[in-house]
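Chains as they are written, first to last, in the numbering used here: chain A, 1 to 480; chain B, 481 to 768; chain C, 769 to 1099.
Any given hint might turn out to be false.
To be verified - Okay, the calculated beta carbon distance ranges per label pair:
1. Glu-563/B / Thr-979/C: 43 to 51 Å
2. Arg-754/B / Thr-822/C: 55 to 63 Å
3. Thr-547/B / Pro-78/A: 42 to 50 Å
Said to hold, decoys possible - Keeping only pairs whose Cα atoms sit at most 30 Å apart, straight-line, the calculated DSBU-like set for lysine-lysine is:
4. Lys-834/C / Lys-327/A
5. Lys-86/A / Lys-527/B
6. Lys-830/C / Lys-327/A
7. Lys-1084/C / Lys-372/A
8. Lys-1084/C / Lys-834/C
I should point out that these hints are in silico values taken from the structure, not numbers from a laboratory.
The beta-carbon is built from N, C-alpha and C at its ideal position, and this holds for glycine as well.
Next come the chains, spelled out residue by residue.
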Amino acid sequence: MTSLFEYAPAPESRSIVDIRPSYGLFIDGEFDEGTGTPLKTVNPATEEVLAEVATGSTEDVDRAVRAARRAFTRVWGPMRPADRGKYLFRIARLLQERAREFAVLETLDNGKPIRESRDVDVPLAAAHFFYHAGWADKLEHAGLGPAPRPLGVAGQVIPWNFPLLMLAWKVAPALATGNTVVLKPAETTPLTALLFAEVCRQADLPAGVVNIVTGAGETGRAVVSHPDVDKVAFTGSTEVGRSIARAVAGTDKRLTLELGGKAANIVFDDAPIDQAVEGIVRGIFFNQGHVCCAGSRLLVQESVHDEVVAALQRRIGTLRVGDPMDKNTDLGAINSAEQLARIRELVAAGDDEGARRWQPEGELPDRGYWFKPTVFTDVSPAQRIARDEVFGPVLSVMTFRTPDEAVAKANNTTYGLSAGIWSEKGSRILSVTSKLRAGVVWANTFNEFDPTSPFGGYKQSGYGREGGRQGLAAYLKGDD
Amino acid sequence: MSDRLAVRKTCKLYLGGAFPRSESGRTYQVHDAKGHFLANAAWASRKDARDAVVAARSAFGTWSGATAYNRGQVLYRVAEVMEGRAAQFAEEVAAGEGLSTAKARAAVDAAIDRWVWYAGWTDKLAAVLGSTNPVAGSYFGFSMPEPTGVVAVLAPQRSSLLGLVSVLAPVLAGGNTAVVVSSKDRPLPAITLGEVLATSDVPGGVVNLLTGDAAEIGPWLAEHADVDAIDLAGAPTQLAMELERSAAGTIKRVLRAGPEEPDWAGDPGLSRLRPFLETKSVWHPIGL
Amino acid sequence: MTHVLDPDALADPSGAAGTLPDPFADVTRSNDAFRAFLHGLPGVDQVGAQARVTQLGTRSIKTTAKAWAIDTAISMVDLTTLEGSDTPGKVRSLAAKARRPDPEDPTCPPVAAVCVYGDLAGVAKEALAGTGINVAAVATAFPSGRASRAVKLADVRDAVAGGADEIDMVIDRGAFLAGRYLDVFEEIVAVKQACGSAHLKVILETGELVTLDAVRRASWLAMLAGGDFIKTSTGKVSPAATLPVCLVMLEAVRDFRAATGRQVGVKPAGGIRTTKDAVKHLVLINETVGADWLSPDWFRFGASSLLNDLLLQRQKLRTGHYSGPDHVSVD
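If we strip away everything but chain A, and leave its shape as in the complex, we get (with noise of 0.2 Å):
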């Protein structure tokens, strides 16, 4: 049966866009070939290759560190902080001005729904630069003593899930508190960052400040391990957290890392109920459950939980999935076929394992990288659903008695990045956050994020945090 008010296809048009059939390294102001094997990006939604792109080696990360150092002894270091701020400034306002090109290039590159990229991941970008752009001469109010100093290089690297506004959360803070950075984007999602190469030359950012070093993950250890890096900042998974931080055992290397998580979203017998489904639905299936911090355990009281599942499967149901390109869907691609064989093994195990698995009824596309979303019930906490991070769209649900309870299954786990609580009781919002094990807590709402609103997680979700005044602690060496 077809539904009486069809949309009509709704594509963002791919002209804005032009993407060079490769590039190659930004470093020192400059793009220049690569030494290594380059690498081909493909658009997840299609399985077209969009571009081939420079793989950095040892040699280019060494330049990349030198032209960093350069820059940040001879011209940024030395620079009127104020002017550090104008230069941060010019780039929030190029990223809005060219917003329309990032987000079109983010979508085909990353396979996320045109829509999201276009009203969050850019936005946001655009937000963390004007945000920072302003502390770069207030350093003195950052809690870290009268006159704080920068680390001096940032190595950096991020993941593919929010490839320019990982970017953002890197760089604009090592930036603004006067550090240099070189930063390794994610294998499969190099084309924004390459585009911020362009708007760095378009602000007349001094040569060597930001170097845009592609890459698999060789590129990446070289990138920490380098000698002459003051400072390595990692998100990604908790696996590659742990080697990372083996390699800087014994060095005076500052690091902060951005882990993985398994979120409880915890919804109460008197949230409203309502909202709360719009909740759980943009915690597990916003940006296809590619989210570190999503929430991919429901815990719902049991006393709501079938009239909860019956809403949620519903509101299911009207999701729309399918080529990223149109405005009007909701969900997108998964964005590799690693990934998407990953997902599916995980779903294989909670069916074997005795989960109840519900999907929507549909078609998928034929060609590109897709998974349904997915509900599991009756899983029960020792489950590998209930355990592992997914990094897709499955949600795993379990049901509690009591706000202890829900304390403690929430906090079962070696994860500890965010959580929500769903209730319309204030002082239960309050009890219960004080007692969640994560570093950010929603209430009443889910996978919100603000340049001014510190993010990370506890335990092994990583730490230190981004964003925020507290934020700016990673990048500086003040009195404590």
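Mind docking chains B and C on chain A? Use the hints.
Showing chains B and C alone in chain A's frame:
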């Protein structure tokens, strides 16, 4: 030098987002530092001041209710537009203050940079001036800075742009709205600033710029029961004392001036932000 | 292409929107009991409701979908004039527009109804004879509702006698805000009786109720009392219809049907001026309650200037260029 006859500007007030003449119909003559005639400026009356307060109060809800990010964006936009008008400002500052072109330009550059500095404060005040309070009980306590409301500002008499920006921008950054009395003898940069504000996404009524005499209008503003605070920067010592006395009647927040106009180039820190911010402390039980 | 995963997700689970036994029969046994029931309904988080509405507002409705939406919206309009200065001439002019909205295109669908004050219902009825377009009359001391029960019921009977097919009543907001829910309920029941076979829309005046929690409670109250439609506003108070209010009312009618089997319609009124606004409402219906409500039997727009904007947009789709006010009639 061409034969073309210039089209001279009529200098009006900036009030409620529009450019009216004074309701009194009065103007006064503005001269440059050498005594040559520059323009007739509107001579604001107490009724203009009254109307300005109404406009500022009316605009307060929207301005203070906007997100800090939005206010920051608007203030940054003001700086962008000021930058485009830098030559015009420099000419007016040079003429009014008797400065060389180079010094006038330096003052204008400093004014624009100061405006940018304050634009970057809007979304940081809560983190720097706010707190969560570890009260000795099962309560979540937090304190947040909030704008005090309508602020009357007597702009410096000598520094006609940098001084003006230095007293106005912090008022706005905190979320307040303003009624400003410009320098009496050097009002032209204020008039141009009004034009900049009108074309920079600043909602009408957030800033009201009255050209005229602080000695005449100041007392009306100091006593006005719907003005929450007053900045006495542009009032000479005797007048400042009288105004502070008058303001006491409505327990206004008063920012005193020193005996001399300061060197506006120095780093102001939080000194002009804090006086116009209230602190609201909130308690909420923590319990099941 | 983008697919809705499950187009049947919002379909009527019981299969037929008939009348089942009322599970809520005894909630109105006392004001206290009624209050406990209404206050026990789930709360509404205002920020969350607004966020949902904002997201749905980004739906891009193009080409064939847009054409369908415009024609559907036109067919849902209750073309309204509710001014003290209304005359028979004004009403006849409106009726003529109702039957043939687009002077340049006879294929344009007619509107659903003409909405007038009760004392002009007869004029409208005569002017619309044979067209199938209904006459809706406001009654019960519209818009304030401040009069005695007897006066309000007489107002209804007069309008019905005058030929109204539909009655748009106002609830007693004073009683509601004072917590006298049973009084409000009983008045609606009485009005429904006075309507006879005329169909009853209950105006909640959501702008005066202010909170979305109150909107949810008032919606349930009106439906339990037998209203055929719940309506947002009189259009005489600002804010009138807003999308978050409409969202909450759609959720209420959805939940009500699931609980009782009875389908109730929704009418936002006031403040809906552009085609964009109207399309946002259709999207809201489509994704909250589904296709069952996408017809004039179950959804109406209370509007006056909206119709001309719909016509201009319709003309643009037809001709390929932007139209202008000379191509639609002024009434």
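Right, here's what the structure says about each hint:
1. Glu-563/B / Thr-979/C: 43 to 51 Å: holds, 46 Å
2. Arg-754/B / Thr-822/C: 55 to 63 Å: violated, 36 Å
3. Thr-547/B / Pro-78/A: 42 to 50 Å: Cβ of Thr-547/B to Cβ of Pro-78/A: about 35 Å, so the range 42 to 50 Å is violated.
4. Lys-834/C / Lys-327/A: holds, 14 Å
5. Lys-86/A / Lys-527/B: violated, 41 Å
6. Lys-830/C / Lys-327/A: holds, 11 Å
7. Lys-1084/C / Lys-372/A: violated, 38 Å
8. Lys-1084/C / Lys-834/C: holds, 11 Å
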